[in-house]
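With the hints as your guide, set chain B onto chain A.
There are 2 protein chains.
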Amino acid sequence: MKQYKYQLDENQMPTQWYNILADMKSPPPPYRHPATLEIMTPDDLAPVFPAALIEQEVSSERWIDIPEEVQDVLRMWRPAPLYRAHRWEKALDTPAKIYYKWEGVSPAGSHKPNTAIAQAYYAKQEGLEGFATETGAGQWGSALSLANQLFGLKTKVFMVAISYQQKPYRRIMMETWGGEVVPSPSSETHAGRAILEQDPDSPGSLGIAISEALEYAMTHDGYKYSLGSVVNFVLMHQTVIGLEAIKQMEMAGDYPDIVIGCAGGGSNAAGLIYPFMKDRLTGEKPDLRAIFVESTACPSMTRGAYAYDWGDTAKTGPVAKMHTVGHAFIPAPVHAGGLRYHGIAPTISALLESEDGEARAYHQLEVFEAAETFTNSEGIIVAPETLHAVRAAYDEALRCKETGESQVILFNASGHGHFDLSAYDAYRRESLRDYRLEEERLAEALSSLPQIKE
Amino acid sequence: MKQYKYQLDENQMPTQWYNILADMKSPPPPYRHPATLEIMTPDDLAPVFPAALIEQEVSSERWIDIPEEVQDVLRMWRPAPLYRAHRWEKALDTPAKIYYKWEGVSPAGSHKPNTAIAQAYYAKQEGLEGFATETGAGQWGSALSLANQLFGLKTKVFMVAISYQQKPYRRIMMETWGGEVVPSPSSETHAGRAILEQDPDSPGSLGIAISEALEYAMTHDGYKYSLGSVVNFVLMHQTVIGLEAIKQMEMAGDYPDIVIGCAGGGSNAAGLIYPFMKDRLTGEKPDLRAIFVESTACPSMTRGAYAYDWGDTAKTGPVAKMHTVGHAFIPAPVHAGGLRYHGIAPTISALLESEDGEARAYHQLEVFEAAETFTNSEGIIVAPETLHAVRAAYDEALRCKETGESQVILFNASGHGHFDLSAYDAYRRESLRDYRLEEERLAEALSSLPQIKE
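Protein sequence lines correspond, in order, to chains A and B. Just so we're aligned, residue -2 is where the first sequence starts under this note's numbering, counting upward by one. Just so we're aligned, residue -2 is where the second sequence starts under this note's numbering, counting upward by one.
So that you can see chain A by itself, here it is in the shape it has in the complex (with noise of 0.2 angstroms):
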């Protein structure tokens, strides 16, 4: 009898968080001031994150303990459950071994929630009342909304305000647990105002809606900044994901070749490949491929340059050592809006020039093209940025079909797809387009890098 699911029990939820910065021969260097450009201290990030989370940030402790509490909400959905994708080897004909990690089972749909419940545990720790954020289309907004009001903390989401018109549900999402979301560019801020003032009907960016939660956050007393990726104790809030996989691949008997995981701003990706990428870097499995996979529209580790970049496209936030297309850079309006952040993670950058990591960027008409296999032998829809991980899988299942060989192959279905089926909808009647990104409009992207000399 076929076994489909790998579940553990609650009680085999990891215990512990794992830090990747004790293991890497080659740590990102430490982030700039956005004004100064000179190096940052934990205390110059003070008014912005919860004392805790600096802390985790710049901590080279190898194992971080998650707190009962964290570990307490984490088991209502967790541990999530591995998959052995039975019916889609056999539609593409693969000798390959093919698993993926199902992380749409949260409330939110996503991985998400993992690093916002542990978030929302410290702010409450702090005495915070509550924390301001931004969000694209929705995801991060109503993970932060939903752990927030776990812990009865407040929720301010700044909304990309063309999202907020034509993407109600995640806004509704966010409103049903507690989450007061305004669209933005919004009066309520300075940074707001002043685009409001120039162009009324401004539809927004993630860079004007991080300008404001940032504003918004160090002008309201009670509220601090969060975060849902990029930064390292973000990255290492997710590795439950990976920890978790480790032991299910265990029980299957198995031990992957490839990791994949589809990478925005890079947290998904790192936390099912982190805790598998220990082994690699501490010489135990020296063989492991770690792929992470952009969108073509933003393809910042294929096509950027690694170098410092603001975080933001206001340069409010920390500046970081990156692959970046630069902050000015404004994306194709692709469907993977998760896919459309300009840099990524410090440490993920970090393990591409080590080469311990590998870049793969596609076009969404391909991540359709896979979709379609996958979903009909899978059942699951998952979502558009999720869709970039699953034709990573399906190029090296027929890859392996061309050589014989029996790979494995596991990756991270990061989230649903249920309120992306207009994308779906779109492939299906042939009306998703790709976009190419022009030479020049990318050299033009990458002059507004700042200039620091190491």
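Where hints are given, some of them may not hold.
[Stated by the list, open to error] Stretch-level coverage of chain B by chain A, calculated; a stretch enters the list once three of its residues show a Cβ under 8 angstroms from a Cβ in chain A: (1) 1 to 8; (2) 68 to 77; (3) 165 to 172; (4) 363 to 377.
[Said to hold, decoys possible] Which chain B residues face chain A? A few, computed with CB under 8 angstroms, are given here: (5) Met(-2); (6) Val102; (7) Pro104; (8) Leu143; (9) Leu147; (10) His415; (11) Leu418; (12) Tyr421; (13) Asp422; (14) Arg425; (15) Ser428.
Hints in this document: simulated from the structure, not taken from any laboratory. Note that the Cβ used here is the ideal one computed from N, Cα and C, for glycine as well.
Below, chain B without anything else, positioned relative to chain A:
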């Protein structure tokens, strides 16, 4: 450490369905022919349903084997988890222990695929090409599209026109799984054309859609008709829910005092309740309370007649003895579209008559009132139909608070509400309203019942 979820391994999934007819002292009388009103034979049903399903419909065997191929597909998401609602209990400050079975984990998001998979399997065995069916908001149509896709069958769905226009997401979901969806009334059937001639802009109704699906099935070689609720075989396919729950309640060390399900046609309620009802009917648990919850907008169980009635508005389907508000009744447009069926499963009716089950009806405002406490505590956003069961659990928990009893309450969380968020939005914006059903309107609807001498 509190345990939230009780998970079974795949090899613990039930291998047989439970047929309650074997244990009922007064099973429902046989169906009558829609035109002659004479007692129907299995042969009369042969043009409509696959032969194996007709056999199951009239079987009085207590246990019926689940084919291995059906088990194999169900194991893609089953066994479904059973939750203990620790946080909700705390929020309600009740001594009651509340459990719920979570059926929202299926790819289609509800319990509906449990029977769709079985029906598709038998259709494939019989050599059929496809199934025709009707769908209101799309829950059933998407479950059947998924099932047919996995077995290589075609799906023709007649979707109530107003839903087709207003709820594109479920339509896209059906199409993503290969379903061919047409708004009903359509020009593809005699029944549809007749309506369109009178009213080219007809919004459609479930009654019209059923007529179209039946006609399509009977006039297309290789097609039969698939039904998602009401009849015995459908309810039996759903008993995997309760059979799993029995094992999970054992893991939790509890047995329910009260089992609850929301009931439109009655399939999810029966699916959870019948395996427990067996213990009541056989005298093992004579005090078990079973509560079937309906909408006050369509109060077949609480205000309807117990009488023979047609299963569909157009009087083309079998006539069954059941609680009904009359086949001509058109319910108010409550958000719980799945509870807008004029009748109820004949076996549920018989259990209500023998006082083995209780019926209860709620207005939609009171179910959303309970929703707020449930969602805030448990995180999960359930469907408006499911919220009727939530409200009943809430009332029982508050009764326990008053009496100080530590009763064990179990309800079926039959599906997620991701495509019903507009209802949550309407509630929060105070634009949701109740609908009163006047005595005169009910009396008029009941006047259309057939005259049958038993």
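So, Leu147/B near chain A? Judge it on the closest CB pair being under 8 angstroms.
Because about 7 angstroms separates Leu147/B from the closest Cβ in chain A, which is inside the 8 angstroms limit, the hint holds.
Taking a Cβ-to-Cβ distance below 8 angstroms as contact, does the stretch 68 to 77 of chain B have at least three residues touching chain A?
As far as the stretch 68 to 77 of chain B goes, the hint holds, because 4 residues have Cβ atoms under 8 angstroms from chain A.
Tell me if the interface restraint on His415/B is satisfied: Cβ within less than 8 angstroms of some Cβ in chain A.
holds (4 angstroms)
Holds or violated: is there a CB of chain A closer than 8 angstroms to the CB of Leu143/B?
holds (6 angstroms)
Taking the least C-beta to C-beta distance, is Leu418/B closer than 8 angstroms to chain A?
Check passed: Cβ of Leu418/B comes within 4 angstroms of chain A, closer than 8 angstroms.
Would the stated hint for Val102/B survive a check requiring a Cβ distance to chain A of less than 8 angstroms?
holds (7 angstroms)
Using a Cβ cutoff of 8 angstroms, are there at least 3 residues of the stretch 1 to 8 of chain B near chain A, or does the coverage claim fail?
holds (count 6)
Holds or violated: is the Cβ of Pro104/B closer than 8 angstroms to a Cβ in chain A?
Holds - the Cβ of Pro104/B comes within 8 angstroms of chain A, reaching about 4 angstroms at its closest.
Does Ser428/B pass the interface hint, meaning its C-beta sits closer than 8 angstroms to a C-beta of chain A?
violated (13 angstroms)
Do three or more residues of the stretch 363 to 377 of chain B come closer than 8 angstroms to chain A, measuring C-beta to C-beta?
Held - the stretch 363 to 377 of chain B has 5 residues with a Cβ nearer than 8 angstroms to chain A, which meets the minimum of three.
At a threshold of 8 angstroms, is the proposed contact between Asp422/B and chain A supported by beta-carbon distances?
holds (4 angstroms)
For the stretch 165 to 172 of chain B, do at least 3 residues have a Cβ located nearer than 8 angstroms to some Cβ of chain A?
It holds: at least three residues are needed, and the stretch 165 to 172 of chain B offers 5 whose Cβ sits within less than 8 angstroms of chain A.
The structure is inconsistent with hint 15 alone, although it conforms to all the rest.
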